[in-house]
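Heads up: the sequence lines are chains Z and V, in that order. Anchor point for the first sequence: position 785 equals 785 in my numbering, and the numbering is continuous, going up by one each time. Anchor point for the second sequence: position 46 equals 1046 in my numbering, and the numbering is continuous, going up by one each time.
It is worth saying that the hints were derived from the structure and are not from the lab. Hints may be right or wrong, so weigh each one.
[What the hints assert, rightly or not] Pairs of lysine to any residue, SDA-like flavour, derived with a Cα cap of 20 Å:
#  : chain 1 : residue 1 : chain 2 : residue 2
1  : Z       : Lys610    : V       : Pro1156
2  : Z       : Lys610    : V       : Asn1019
3  : Z       : Lys692    : V       : Pro1103
4  : Z       : Lys610    : V       : Phe1127
5  : Z       : Lys610    : V       : Ser1150
6  : Z       : Lys884    : Z       : Leu709
7  : Z       : Lys910    : Z       : Gly878
8  : Z       : Lys386    : Z       : Leu709
9  : Z       : Lys610    : V       : His1153
10 : Z       : Lys386    : Z       : Asp158
11 : Z       : Lys518    : Z       : Leu709
12 : Z       : Lys127    : V       : Thr1146
13 : Z       : Lys610    : V       : Pro1103
14 : Z       : Lys386    : V       : Pro1156
15 : Z       : Lys610    : V       : Ala1015
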Amino acid sequence: MSSYRLPNGGLVDRSAPLSFTFDGARYSGFEGDTLASALMANGVRLVGRSFKYHRPRGMLSAGPEEPSALVTLRTGARREPNTKATMVPLYDGLVATSQNRWPSLEFDIMAANQLAGPLLSAGFYYKTFMGPTAKAWMAYEHFIRQAAGLGRATHEPDPDRYDKANVHCDVLVVGGGAAGLAAASAAASSGARVIVADENARLGGSLLTEAGRVNGQSAVAFAEQHIAALATEPGVTLMPRTAVYGYYDSNVLGAVEQIADHLPVPPTGLPRQRHWTITAGRVVLATGAIERPIVFPGNDTPGVMLAESARTYVIRYGVRPAARAVLFATHDAAYRVARDAARAGVEMAAIVDPRPAPGEGAKALADEAGIPVMAGHGVMKALGGKALNTVVVAPMDLGTGAVTGPESAIAADGLFVSGGWTPTVHLASQAGGAPVWDGKIAAFVPGAPRQAWTDAGACAGTFALSACLADGARLGALSADTLGFAAKPPPDYAVEDDLTSQSIAFVRKVKPTGRAPKAFVDLQHDVTASDVALAHREGFQSVEHLKRYTTLGMAADQGKTSNVTGLALMAEARRQDISHVGTTRFRPPYTPVSLGALAGFETGHHFYPKRRSPMDLWHRENGGDMTPVGLWDRPRAYLQDGETMTEAYVREAAAVRAGVGLVDVSTLGKIDVQGPDAATFLDRVYANGFAKLPVGKARYGLMLREDGLLFDDGTTWRLSETQYLMTTTTANAGPVMAHLEYHLDIVWPEMRVALASVTDQWAAVAIAGPQAREVLWMAIDDIDFSNDALPFMGVRQGTLDGETVWVARLSFSGELAYEVYIGAHFGLHMWQRLLEAGQPFGIIPYGLEALGTLRIEKGHVAGGELDGRTTADDLGLGRMASTKKAYIGGHMTGRPGLADDRRFQLVGVKALDDQPVRAGSHIVVEAELTEPAESLGHVTAYTYSPAVNAHIGLALVENGRARIGERHFATYPLKGHHVPVELVDPCFFDPDGERMHG
Amino acid sequence: MADPRSPLADIPLAALQTNWSEAIGVTVNVTLKRCMFQVQAWPDTIETVAQSLSSALGIDVAFNQRTVLANDDVEVVTVGPGRVLVSGGDNAAFAAVGEAVAPDIGAVTDLSHARIRLDLTGSDSAFILSKGLNLDFDHERMPDGTVHASGIHGVPIIMVRRTRELFTLYVPRTFAAAIAEWIGEAAQDVGVAFRN
């Protein structure tokens, strides 16, 4: 074991050694270590390189605020960059690598950036890469992007599962430290359901390093006892390794539980992480506080670390963070660090305190430990490059940070820094007013809540253990009581506090004389004190501008250690109090959240729910080339051996015209409209009339939006005096249902009409072609299919093998055609039965492409034409709109914009040189297209028509009907297509409708 | 005669099953109901329709609670204002209700093919459902008989809690396979079995 691991102590399990590697070197640690503590125990101080200057960096902290010790975990598909070594639980076989260095961490060529420091100040991109041409940035950007960033994410798909779940509770306690545990106990005593969520692997927070005693026992023992008691409470859920990252409206919070991040590979079936959406009656924010660094030159040198973190390494992990160290602190409580470090064998060379004198307790503690106190002094520089070796101190003015006396050097490999505490106000800020500056503790505390939360303990600016416990217990009980529970009086905690700080002196920045290394405000983004000053000089003085100009407070740590000092420096530059400068608004996430956790398991095959027609499997098993249509998959065509898609659909379309074909139309929206007022209702929602539609007949209907534009079309069948079956397009089924429900519920609530989606109830097919009637005669009973008995648009009920079917004689193809509906459980049976009955007639199944071909040949409109911009008149359907009744959108159809003779109107297009015409092509007059030309319109649909023996399409063309006969070009510049076309009537085939009426 | 075909016959249910820990946290039973229909009363006929349904079905139907009412053969689930879902029985029940609820007091829509019933049972059934439903599954707050109309993965469902560990989902037929696949994925960590 290394000399940095203490012979005893700490909360690690020394009976469980673990092996891991860092940059390929093998090390060992113990169960209970973090990667950071294990590296420190092995004497590893240099763990990374900084973002911009590639400066050597070590561990600044021991917790989630860590800005510097970012490493890449694992390899291959599980490689994860930018993880905080301080938050990575050590496991056997862990593989970690340093990042942002080449060729090695020790020797990083990009460290030469430090020589160009003056050029790399805030905003240097924008100042430097401006010319010589406007497009020059495009060239620079490639190299800048290459150089930027820290770790590299894997390009392989993530092999792990991520889960998600919702949970409700009465009281959510965020943070499992002293205040949080006390709050949870108090709330749980009422019978309320309580969740305690903490981002750390082990609950207890500062109790795990607290030297004070509670109820006569150590703080650690108290914490363990408390946690064990909570674990047995039936209404309490303890969630360690769960970071609450976002606070949203209605007291909903987002959290991520790390289920298997502490294992090399998640066990089979277990997710790596689970996202929790927590809905809480009340929330107690016991999120603690983060120790604040002090800005001085060289404050990023490996070996410089936050004081309480140094103590955490000693007490919690049994690791000596340095051999000889200096404490630089601005308040009394930090003196505990010197005491405990000294007890662990760290030679404490001095306590440097810029205050004129420490408090009596602190002075006594230093005297007892034999540590010299340099009151009225500050650390002017930390020197050493890759490892701290010298701390330069000097007398300084507490108010200005200026040197007031000669410097002296202290040899040390550790410098423990404490500039006070910053309450962790992130969640409170997300769900509350702006944080409020508290001068006594020199920190921002949570503003007024906008939601049902209270802040407890250090989050509220209360730092003594006794106060944290009392605060937590009081607010936990209050939270439960507010919800109608009755909490028991909280127990009296007999607390012997350790040394506490009555007040905290605030040092913005130390100002040494002469040359000095850079003084960093934000270690993660390499933002220096000079950058803040530069931002001020250049006018970026608002805290929001400061953040964006310098990137202060951005990235993975979200400014946890940098915000307050950065704001203080800006306040000083503006000659204002920091309370006037304010803070930026904290937004989710509080800590990085993986995209996998946000997505959960609804990825890949589960990305969206797939709707399946009753015949879906048949299509797949019989050559159907499936394509997504909304949530459905539909067959484009049924490919036979060696066929191309074009060959297949041309074959299918031709077969329908010549004989008979069957297509699955189960995806059409179907709405049951019932009630005494159903006819009136339909008269209002359709542009054409339905009230006089006889029972047993169907009608094609046009539905308009309120603005007069076309919304949807379809047929509606009158099944009885009071019942209609409305069909909609596949794409608009949901919106049409919502449209109808809105008008029924809100606009005409007096109407006696019931709506029910029956899309799932009915399997539906269209059977089309000259032989369609013969096939139905063979398969369906109880219907007379003769032309007189079942004329065009007639609707009849019959049976197919004993099951009820509805048959409507409708035609989208222009052929003699019928739609047949049967209960969906029998859909596949009907499909197979009709194919069987059609065998003597050469029946074939056909897909969407042939369906499209048939409808284009007839000039029937579909989604390409019903694009939300067209009117009934644009599509040649204007005469269908009633002039005798009011209907939705009717009053708007005559407005100038919709009656303009320059509107795009539906026409047919026919290729003149036997070339395909791409859908989306623009119609232009230019024969040669070298520059963008004026578009007369665009092609909405295209096909090769076996019936016309030509490439044809439909188009929306300006004043199109008047242009029929003109010859222009359909151009598609992206593909280099430029096809001569003639504008023709949109109906290419059987214009008199003899086939469908026959 | 034609045989009804379950939409779950189109997917390999066995492949969705997991029991890596040799435990089954949730078992899914799939049922094609013989008869299911929705009854909608007009705002001023709710009482009349309730009385008509009560006499036709032999159940004391009330529209003012989001709960399930049942006898041995038929159950009535209140799914909205003046709206119930009646399931079970046979076509005679549908005919009887159709007779009892004339158009001037309400509407009856056949949904026998439109919904699939999935019964989830097991110690983890509530946990699995909580992955798709943001509902408070605490047994005191969601007692037996509670009905919720909500959505899982964007699919509208009606959920009935029958016991602490038994839940019924009425799922649109065309989404039934997708929901079964969703449950199979959601239950990976607890183990799942399907009974068709």
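Would the pair Z/Lys127 and V/Thr1146 pass a check requiring their Cα atoms to be no farther apart than 20 Å?
The hint is violated at about 65 Å.
Is Z/Lys884 close enough to Z/Leu709, meaning Cα to Cα at most 20 Å?
The given pair, whose Cα atoms are some 19 Å apart, holds under the 20 Å limit.
With the threshold set at 20 Å, check whether the alpha-carbon distance from Z/Lys910 to Z/Gly878 stays at or below it.
violated (24 Å)
Please verify whether Z/Lys386 and V/Pro1156 have alpha carbons no more than 20 Å apart.
Not satisfied, since the Cα-Cα distance of roughly 60 Å exceeds 20 Å.
Given hint V/Phe1127 paired with Z/Lys610 - CA-CA distance at most 20 Å
violated (23 Å)
Check the hint pairing Z/Lys610 with V/His1153 against an upper bound of 20 Å on the C-alpha distance.
holds (10 Å)
Check whether the Cα positions of Z/Lys610 and V/Ala1015 lie no farther apart than 20 Å.
holds (17 Å)
For the pair we were handed, Z/Lys610 and V/Pro1103, check the Cα-Cα distance against 20 Å.
violated (36 Å)
Hint consistency between Z/Lys610 and V/Ser1150 [alpha-carbon to alpha-carbon, up to 20 Å]:
The hint holds at about 18 Å.
Verify the proposed pairing of Z/Lys610 with V/Pro1156, using a straight-line Cα cut of 20 Å.
Holds - the C-alpha atoms of V/Pro1156 and Z/Lys610 are around 13 Å apart, at most 20 Å.
20 Å Cα cutoff - pair Z/Lys518, Z/Leu709
violated (65 Å)
Does the structure keep Z/Lys610 and V/Asn1019 at a Cα separation of 20 Å or less?
violated (25 Å)
In terms of the numbered hints stated before, the structure departs from hints 2, 4, 7, 8, 10, 11, 12, 13, 14, listed from lowest to highest.
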